[in-house]
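There are 2 protein chains.
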Amino acid sequence: MKLTILGSNAAALRWQAHPTAQVLEIAGRTFLIDCGEATQMQLRRSKVKFSRIKQIFISHLHGDHYYGLIGLISSFELLGRKVPLTVYGPKGIKNLITIQLEASEAQLTYPLHFVELNSDTSERVYEDDKVMVDTIPLRHRIYCNGYLFRAKLGQRRIAIEAANEAEIDVAYFNKLKQGYDVLNKHGELIPNASVTLDPHPPKSYAFCSDTMYYPKIIEQLKGIQVLYHESTFLDSHKHLCERTMHSTAKEAARIAKSANVKTLVLGHYSGRYKDLEDFRREAQEIFPEVRLAKDLKEISF
Amino acid sequence: MKLTILGSNAAALRWQAHPTAQVLEIAGRTFLIDCGEATQMQLRRSKVKFSRIKQIFISHLHGDHYYGLIGLISSFELLGRKVPLTVYGPKGIKNLITIQLEASEAQLTYPLHFVELNSDTSERVYEDDKVMVDTIPLRHRIYCNGYLFRAKLGQRRIAIEAANEAEIDVAYFNKLKQGYDVLNKHGELIPNASVTLDPHPPKSYAFCSDTMYYPKIIEQLKGIQVLYHESTFLDSHKHLCERTMHSTAKEAARIAKSANVKTLVLGHYSGRYKDLEDFRREAQEIFPEVRLAKDLKEISF
Numbered sequence: 001m002k003l004t005i006l007g008s009n010a011a012a013l014r015w016q017a018h019p020t021a022q023v024l025e026i027a028g029r030t031f032l033i034d035c036g037e038a039t040q041m042q043l044r045r046s047k048v049k050f051s052r053i054k055q056i057f058i059s060h061l062h063g064d065h066y067y068g069l070i071g072l073i074s075s076f077e078l079l080g081r082k083v084p085l086t087v088y089g090p091k092g093i094k095n096l097i098t099i100q101l102e103a104s105e106a107q108l109t110y111p112l113h114f115v116e117l118n119s120d121t122s123e124r125v126y127e128d129d130k131v132m133v134d135t136i137p138l139r140h141r142i143y144c145n146g147y148l149f150r151a152k153l154g155q156r157r158i159a160i161e162a163a164n165e166a167e168i169d170v171a172y173f174n175k176l177k178q179g180y181d182v183l184n185k186h187g188e189l190i191p192n193a194s195v196t197l198d199p200h201p202p203k204s205y206a207f208c209s210d211t212m213y214y215p216k217i218i219e220q221l222k223g224i225q226v227l228y229h230e231s232t233f234l235d236s237h238k239h240l241c242e243r244t245m246h247s248t249a250k251e252a253a254r255i256a257k258s259a260n261v262k263t264l265v266l267g268h269y270s271g272r273y274k275d276l277e278d279f280r281r282e283a284q285e286i287f288p289e290v291r292l293a294k295d296l297k298e299i300s301f
Numbered sequence: 001m002k003l004t005i006l007g008s009n010a011a012a013l014r015w016q017a018h019p020t021a022q023v024l025e026i027a028g029r030t031f032l033i034d035c036g037e038a039t040q041m042q043l044r045r046s047k048v049k050f051s052r053i054k055q056i057f058i059s060h061l062h063g064d065h066y067y068g069l070i071g072l073i074s075s076f077e078l079l080g081r082k083v084p085l086t087v088y089g090p091k092g093i094k095n096l097i098t099i100q101l102e103a104s105e106a107q108l109t110y111p112l113h114f115v116e117l118n119s120d121t122s123e124r125v126y127e128d129d130k131v132m133v134d135t136i137p138l139r140h141r142i143y144c145n146g147y148l149f150r151a152k153l154g155q156r157r158i159a160i161e162a163a164n165e166a167e168i169d170v171a172y173f174n175k176l177k178q179g180y181d182v183l184n185k186h187g188e189l190i191p192n193a194s195v196t197l198d199p200h201p202p203k204s205y206a207f208c209s210d211t212m213y214y215p216k217i218i219e220q221l222k223g224i225q226v227l228y229h230e231s232t233f234l235d236s237h238k239h240l241c242e243r244t245m246h247s248t249a250k251e252a253a254r255i256a257k258s259a260n261v262k263t264l265v266l267g268h269y270s271g272r273y274k275d276l277e278d279f280r281r282e283a284q285e286i287f288p289e290v291r292l293a294k295d296l297k298e299i300s301f
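Residue numbers (the working numbering), protein chains in the order written: chain A, 1 to 301; chain B, 1 to 301.
I should point out that these hints are in silico values taken from the structure, not numbers from a laboratory.
The C-beta atom is built at its ideal place from N, Cα and C for all residues, glycine as well.
Heads up, a few of these hints could be off.
[What the hints assert, rightly or not] To spell it out: a stretch of chain A is covered by chain B in this simulated footprint if at least three of its residues, at any positions, have a beta carbon under 8 angstroms from a beta carbon of chain B; those stretches are:
# : region
1 : 32-45
2 : 51-63
3 : 103-115
4 : 258-269
[What the hints assert, rightly or not] Distance condition first, Cα-Cα at most 16 angstroms in a straight line; then the derived EDC-like pairs of lysine to aspartate or glutamate:
#  : chain 1 : residue 1 : chain 2 : residue 2
5  : A       : LYS257    : A       : GLU285
6  : B       : LYS91     : A       : GLU102
7  : B       : LYS222    : B       : GLU77
8  : A       : LYS94     : B       : GLU102
9  : A       : LYS297    : A       : GLU25
10 : B       : LYS152    : B       : ASP129
11 : A       : LYS54     : A       : GLU105
12 : B       : LYS94     : A       : GLU102
13 : A       : LYS91     : B       : GLU102
14 : B       : LYS152    : B       : ASP128
15 : B       : LYS91     : A       : GLU105
16 : A       : LYS94     : A       : GLU116
17 : A       : LYS250    : A       : GLU289
18 : B       : LYS54     : B       : ASP128
19 : B       : LYS2      : B       : GLU242
20 : B       : LYS91     : B       : GLU123
21 : A       : LYS152    : A       : ASP181
22 : A       : LYS91     : B       : GLU105
Make a model of the complete structure from these sequences and hints.
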């Protein structure tokens, strides 16, 4: 599982700072999460292949999370894209994009679908044979969802030495991976568990931005591997959280600790701070495994 | 008069290339012309002061000329702007921006006005005591205007040695600048022309993008100082001009020559070309005074 940060800042008021956009590669899929202005420029600077993105998940309709979407959709057209694209986002997003395409008299070269969301409870918005995506309803000034990405449990793994010792023909290995007992070369039935290992635990990633401190999400996040949680402010500006409905680094850490996740990724920093290490320091007072999102940083899990 | 190029490319498909946006400083005014995606990032990289921009002129509603407008308008709000902002552009632009502001529940801190255009003949869209702006109707796939910026004729200039020799008190210098004859210290009437110089010829700048080769604009451009004319293609791709309704560098040069302008600025290059000097070379076969627009380049005239 690899996370590529395209933009890691709150509404970008700093030189060279980019607003929220991330690419999550999980179980062979490439998902774009949020799409602030200039995401397409950042994508070009990253190693991510444009054409691999087939789903885009938008959290909410504040500009720093979606103003780059229309430009990306338009550039896909200029690149002659044929592969369908689906955008998941709050109700209204389809109209916002469509009227801009109409104004330019664009003729898209590929099918563009929208899945508009307005539920206040979590729902499964995407599922295929490898991965599933659920919304995480958040608390912000306007309607906002996080997204929980979970790979499905993979196949059992062959314990190759044990399987060879049991004299099982490689033709049966697929059956073994699927959990069956199989016959060896002498016609003896070999119990699956004696020649296989449990599947790797499935990867999981939760994206939670933008939101105020909202403990109700903890139940849904329990035991997931990586949590990205917004941390707009440091403790010194905690008083701004209520009005703006954002979180501090410590509040993000509290969610991570309560949900017992493995790694917390912080981001969506307010432009007022010079040293992002302060975010790490404050969060680590509560939860040790902290990574800082930074523009064009790749994090593998 | 100073032109700052924020973006100089056609729809940006190249790494680090930015779509059209320019800042024109003329007669003490600061105008933004077109506003492709990430214009606000480019503005931050330039020396232009955000707050000095009070008018934005949008040529047409293809994304590479206005997708950055909503982000800039939103950032002005975050910066607590109070000064009014007026956007000039094709009919429909107000709705495109307004519904995005509504979706984010934005409360602008400053008055935002729109002047929507749909005339096929040139009209004066802006005028104050120092400068006037007329539309230049262009020919493109959708409704599109260029803009002609002209400073007004300034005051006469004091020929300081002659004025001192004629023993004119400095208290009369303002009258001299306004063209009046004045009395000297001995009560003699001094003819204005003997102690002043003609005003500097007023600066003028025409922005013509996007457009196919369209000789009808020449009449309006006659004798202006600087012409920016799009040159999307080189001669080798001239056959693409008809369908896309763009121009070649040579066609831009032909307009410049016929209009007898002083300087031609080329830009809006297709992403297929590696060496922009080819644009200069081809244009100079027809018109010698050619400058190339490049991202973040400043050109003084």
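Do the hints match the structure? See the list:
Restraint check on the region 32-45 of chain A versus chain B: 6 residues with Cβ-Cβ distances below 8 angstroms, three needed, restraint holds. With 3 residues having a Cβ less than 8 angstroms from any Cβ of chain B, the region 51-63 of chain A passes the three-residue criterion, so the hint holds. Residues of the region 103-115 of chain A with a Cβ under 8 angstroms from some Cβ of chain B number 3, which satisfies the need for three, so the listed coverage holds. Counting residues of the region 258-269 of chain A whose CB lies closer than 8 angstroms to any CB of chain B gives 0, so the stated coverage by that chain is violated, three being the minimum.
Straight-line distance between C-alpha atoms of LYS257/A and GLU285/A comes to about 11 angstroms, which keeps the hinted pair within the 16 angstroms bound. Between LYS91/B and GLU102/A the alpha-carbon distance is near 13 angstroms, which keeps this suggested pair within the 16 angstroms criterion. Restraint check for LYS222/B and GLU77/B: the C-alpha separation of about 40 angstroms exceeds 16 angstroms, so the hint is violated. A C-alpha spacing of about 15 angstroms is found between LYS94/A and GLU102/B, which places the hinted pair at or below 16 angstroms, so the restraint holds.
Our distance criterion of 16 angstroms between C-alpha atoms is met by LYS297/A and GLU25/A, whose separation comes to about 14 angstroms. At roughly 8 angstroms between alpha-carbon atoms, LYS152/B and ASP129/B fall within 16 angstroms of each other, so this suggested pair holds. For the suggested pair LYS54/A and GLU105/A, the alpha carbons sit about 23 angstroms apart, so the restraint of at most 16 angstroms is broken. With a CA separation close to 14 angstroms, the supplied pair LYS94/B and GLU102/A stays within the 16 angstroms bound.
Proximity of LYS91/A to GLU102/B is assessed by CA-CA distance (about 13 angstroms); at most 16 angstroms being required, the pair is judged to hold. At most 16 angstroms may separate the alpha-carbon atoms for a hinted pair to count; LYS152/B and ASP128/B meet this at roughly 9 angstroms. Restraint check for LYS91/B and GLU105/A: satisfied, since their Cα atoms lie roughly 14 angstroms apart, inside the 16 angstroms limit. Taking the CA atoms of LYS94/A and GLU116/A, the gap is about 7 angstroms. The hint holds against a cut of 16 angstroms.
Distance check on the hinted pair: LYS250/A and GLU289/A sit about 13 angstroms apart at the alpha-carbon level, within 16 angstroms; holds. Restraint check: the Cα-Cα separation between LYS54/B and ASP128/B comes to about 13 angstroms, which is no more than 16 angstroms; the hinted pair holds. Between the alpha carbons of LYS2/B and GLU242/B the distance comes to roughly 33 angstroms, so the proposed pair goes past 16 angstroms and is violated. Taking the CA atoms of LYS91/B and GLU123/B, the gap is about 15 angstroms. The hint holds against a cut of 16 angstroms.
Annotation: proposed proximity of LYS152/A to ASP181/A is violated, straight-line Cα distance about 22 angstroms (limit 16 angstroms). Between LYS91/A and GLU105/B the CA atoms are separated by roughly 14 angstroms; this keeps the pair inside 16 angstroms, and the hint holds.
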